[in-house]
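J.: For what it's worth, my numbering labels the leading residue of the sequence shown as 125, then goes sequentially.
These aren't lab readings, by the way, just hints derived from the structure by calculation. Some hints could be false.
Per label pair, the in silico range of CB-to-CB distance [what the hints assert, rightly or not]:
(1) 355 x 227: 14 to 24 angstroms
(2) 338 x 176: 31 to 41 angstroms
(3) 347 x 253: 12 to 22 angstroms
(4) 192 x 339: 38 to 48 angstroms
(5) 321 x 382: 35 to 45 angstroms
(6) 272 x 334: 18 to 28 angstroms
(7) 338 x 226: 11 to 21 angstroms
(8) 350 x 326: 16 to 26 angstroms
Predicted, not measured: the structure shown is a model, and the values here were computed from it. C-beta atoms are modelled at their ideal positions from N, C-alpha and C, and glycine is treated no differently.
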Amino acid sequence: MRNVSGQDTGHVKTQQQEVALIKVPFGLAGARNGAELGPDELITAGLKREIASLGFPLNREVRVDCPAQSATPLGRKTVKYLNEVQQVSEHVCQEVASALEEGAFPVVLGGDHSVAIGTLAGLTAHYNNLGVIWFDAHADLNTEEHSLTGNMHGMSVAAFLGHSTFNLSQIKGAGSFVHPSNLVYIGLRDVDDYEKEQIRALGIRAFTMHDIDRMGMQHVIDQAMVIAGDGTEGIHVSFDMDCLDPREAPGVGTPVPGGLSYREAHFAMECLAANNRVVSMELVEVNPLLDQNRHTARLGVGLIASLLGKSIL
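Can you build the whole structure from these sequences, using the hints too?
T.: Structure below.
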């Protein structure tokens, strides 16, 4: 494949889109403080340099205005920071939709995984039918009624499928819900009982770590692309850094042992880049307060670069 100058660039997209960096420093919906620092940490770790080295022009770099704390006290049995999540979701929706209108490839940098609600709102405003590949140790399919914690980073998928009370229909400008048949999980290994029931009932395809061990990442990605790409206009990749093994990515708020290896994650991104159906990406849950020598942030930068087409040779 060749870039605009005609030079061979490996698996980089044939049409060199501009990239829109959308930073969302929001962490109130997560389990621990620190995810709000993730976007700046990814920039410090060299993300813009990597994007430039791949030949992608930077369309924009925006920082979504995010509340740092709640204006109202939390109840004991309530969803936490709902107003703040809705506010951030609307801002992210506007930025993602605007980037797509200009023909850019949105790269959303979280923040906790609740930022995905706004990302999907903006994407569905542009695409009538969207596929989603969700890399995560967790299913994020809880609803307000069934959540064990009240943390909204665990309700993102329910929101864009339309199964929670707060969902895309409450976000100005959002499009229709994602169809469960076009959603694929990769890397699951810590799933609540209610989420297991929902995955089965909705027929969502989920590749757990057991499946990856048994089938290999090549087969998993091949199948994921077929499912997420079936009748859709494009595929969004949502990458939670806790899908990786904590030995690879210690700087996350909800680590779970037994996750993806460094090479499995990079190989997955390289395969997705080669397919050329991915229209957007977000990378979330980098927590610098828990990281070791910026290791997780640097790995996140590398994974984004791999999805954009960086290859070994």
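J.: Now tell me, hint by hint, if it's right for this structure.
T.: Hints, verified against the model:
1. 355 x 227: 14 to 24 angstroms: Taking Cβ atoms as reference, residue 355 and residue 227 lie about 23 angstroms apart, which means the hint holds.
2. 338 x 176: 31 to 41 angstroms: Distance hint for residue 338, residue 176 holds at roughly 39 angstroms.
3. 347 x 253: 12 to 22 angstroms: Check passed, 19 angstroms falls within 12 to 22 angstroms.
4. 192 x 339: 38 to 48 angstroms: Hint holds: Cβ distance 43 angstroms, inside 38 to 48 angstroms.
5. 321 x 382: 35 to 45 angstroms: Hint violated: Cβ distance 23 angstroms, outside 35 to 45 angstroms.
6. 272 x 334: 18 to 28 angstroms: Holds - the Cβ-Cβ distance for residue 272 and residue 334, about 23 angstroms, lies within 18 to 28 angstroms.
7. 338 x 226: 11 to 21 angstroms: violated, 43 angstroms
8. 350 x 326: 16 to 26 angstroms: holds, 18 angstroms
The structure is inconsistent with the numbered hints 5, 7, although it conforms to all the rest.
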